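Peer 1: As a plain string of letters, each chain reads:
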Amino acid sequence: MNEDDDLIKEPENERRTFLIKLSLGLGFLSAAVAGVPVLAAIFAPLIEKTPKLWRKVGDLDSFPVGTTNLVTFENASPEKWSGTNASSAAWLRRDATDKFTAFSANCTHLGCPVRWEADAHLFMCPCHGGVYYKDGSVAAGPPPKPLVQYPVRINKTAIEIQTSPIPITNISA
Amino acid sequence: MKTLKKIWNWIDDRSGFTEIFMPLIKHPVPPGSKWSYVFGSATLFCLVLQVITGVALSLLYQPSSSEAYQSLQFITHQAAFGNVLRGIHYFGASAMIIMVSIHMMRVYITAAYKYPREMTWISGVILFFMTIAMGFTGQLLRWDSNGVWSAVVGAEQMGRIPFIGKWAARLLLGGDTIGGHTLSRFYSYHVFILPAIIFLFVAYHLMLVIRNGISEPAKVGRLVDPKTYRQWYKQMLVEKGIPFWPYAAWRDVIFGALTIISIILLAIFIGPPELTTPPNIAHLNTTPSPDWYMLSIFSLFALMPPKIESYMIIIGPALTILILLALPFVSNKGERHPIRRPWAVFGSVCVVIFVLSLFLLGEKSPWSPKFDAKPLTSVSIHSTDPLVINGAALVYKKGCLFCHQVNNQGGLKGPDLSDIALRLSTQDMTIRIVNGGSNMPAYGGILSKNELTAIVAFLNSRKYKK
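Sequences listed follow chains A and B, in order.
With my numbering, you'll find the first sequence wraps up at 177, consecutive numbering, no jumps.
With my numbering, you'll find the second sequence wraps up at 469, consecutive numbering, no jumps.
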């Protein structure tokens, strides 16, 4: 190899290195840019903030003291195509004239729908036999913690529940 | 004829079919690879069946929260052959889970995962879990009440992941409640994301089968030595190898075809599982239960000690995956024959017994309250004492029969009460009822004194088991 060859090779090599870097760089850039809306679609549920709204679930008179009733309310911002999935359910207990407790209908074990057995005064879960007392505390079975309560308020003559997420039990419960 | 041959030769020459595929089709395989080798290909046949029937179902299905259930009703009850199509997809899924499990166990028992097939095993483990994930997301797409509550149960499991549990659950559901995005997400998981991963790993798995060859039938005393194995295997193929097609593949084809015919027959004569109630999240009188292949896990959730359960929900699967992935690194040489690996056989048998027992228990679900228990009949009560009769009515009304049996009526969670008077004194009964016990609610705050007296009087009259 003589000096002339080197003189020719030097810029040639530089050009090649530049082209490799350019193609890899452009490839990465286009993938990254295309990836933004894709990642946004994947992580949309984490990015979007769900508002908390008070929803009327009934009138004061319709809940006798000492009873527990199933109430349903529309979710905070249901999509138009949600159908019957636009609402959530809760068990509303009237403890006293001016005191209400709203329990999530989800068992704290694995989220199955608990039902209120009025005569037995117990909430029971059909999936794995979780049982709760009328105040939501665990009476039997696998649930690791009491039924989760939703915020509830009396607004003049209306009972309102605040829209809330499905309670997710964490590892330390 | 001659012209046709000429045309084919031209196409074949320009496209290279023979050149590319013949070596794959005719590649030599070790002799003696017989019927125990058919389960992998059967899984692949089932996958192809699932893809084809899945595509057909997608022509009829509406992946929208408000319409999915109606479209499922349409597929099942109106569409031409819709019921059979759903049936094939359902039994195909079942067969795929059975075949992939047998295939995996066969590979484990004959130690085919050892050198140089570690990556075949690892890609297989990933495919196994993807198959389970497909089963779970698939049953959910029916979007009946079972489907909706399965989504919630899935989210609750995700919630047990440390630190990011709530976010993972939210991502799975597409929001913090069940809503319009939930079904769209699960549709995407089941139809695009998971299948894409499956295709990728199936291609890799098969590529490795060609690259490393299928494992030769194990022989007692013939050890796998990473230093010499590849050389030995190559030599063995040169000396004794037989072409895959047709001398080894005919068994795969026959077994695969029989599997598919069985699936179709089951679809025609038994049909897909009937839908449960519509997906109304506010309709709580429903008893969610998974398809059969999830039942063992469902049972495990009921039977695990509650104190460790929240940890085990996440540590259990994580540890299982980790152990399975670590297997070929922990043992990648030496004996392959099951006779010389008794612990591997014993372990496999234990796993099968464990999963089967959980399945059978799940079929019975003794831990679930029997909500449809009927009031006790006068024949059962067998007394004229008004207090006893009143007590019998209360035993029904207060929900005792949800968990206890009296003369074969009632639930299975608690002890049978048919002859309880022979086992407990009045005082013991009262204490048990008022304070509750292991897994029984305390009824002290629920029953009045008179009600308690009546129930105890009834229980005291229970001395015979019919």
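I should point out that these hints are in silico values taken from the structure, not numbers from a laboratory.
Remember, predicted model here, so these are calculated numbers, not experimental data.
C-beta atoms are modelled at their ideal positions from N, C-alpha and C, and glycine is treated no differently.
Be aware that one or more of the hints could be misleading.
No farther apart than 27 angstroms at their CA atoms in a straight line, the calculated lysine-lysine pairs in the DSS-like style are these [claimed, not checked]: (1) A:Lys103 / A:Lys53; (2) A:Lys103 / B:Lys377; (3) A:Lys84 / B:Lys169; (4) B:Lys377 / A:Lys149; (5) B:Lys37 / B:Lys8; (6) A:Lys149 / B:Lys373.
Have a look at the derived ranges for each label pair, beta carbon to beta carbon [what the hints assert, rightly or not]: (7) B:Ile245 / A:Glu14: 56 to 66 angstroms; (8) A:Ile51 / B:Thr380: 53 to 63 angstroms; (9) A:Asp99 / B:Phe332: 39 to 49 angstroms; (10) A:Pro41 / B:Thr231: 45 to 55 angstroms.
Peer 1: Each of the hints needs a verdict: does it hold here or not?
Peer 2: Here's how the hints hold up against the structure:
1. The suggested pairing of Lys103 of chain A with Lys53 of chain A is violated, with an alpha-carbon distance near 30 angstroms, which exceeds 27 angstroms.
2. Taken as a hint, the Lys103 of chain A and Lys377 of chain B pair is broken in the structure, with Cα atoms around 35 angstroms apart against an allowance of 27 angstroms.
3. Under the criterion of a C-alpha separation no larger than 27 angstroms, the hint pairing Lys84 of chain A with Lys169 of chain B is consistent with the structure, at around 25 angstroms.
4. Restraint check for Lys377 of chain B and Lys149 of chain A: the C-alpha separation of about 31 angstroms exceeds 27 angstroms, so the hint is violated.
5. For the proposed pair Lys37 of chain B and Lys8 of chain B, the alpha carbon gap of about 36 angstroms is over 27 angstroms, so the pair is violated.
6. Taken as a hint, the Lys149 of chain A and Lys373 of chain B pair is honoured in the structure, with Cα atoms around 23 angstroms apart against an allowance of 27 angstroms.
7. Range check, Ile245 of chain B to Glu14 of chain A: Cβ separation about 58 angstroms, and the 56 to 66 angstroms hint holds.
8. Take Ile51 of chain A and Thr380 of chain B: their Cβ atoms lie about 60 angstroms apart, and the range 53 to 63 angstroms holds.
9. At roughly 59 angstroms, the beta carbons of Asp99 of chain A and Phe332 of chain B sit outside the given window of 39 to 49 angstroms.
10. A hinted range of 45 to 55 angstroms for the beta carbons of Pro41 of chain A and Thr231 of chain B is consistent with their spacing of about 53 angstroms.
Hints 1, 2, 4, 5 and 9, counting from the list given before, are not met by this structure.
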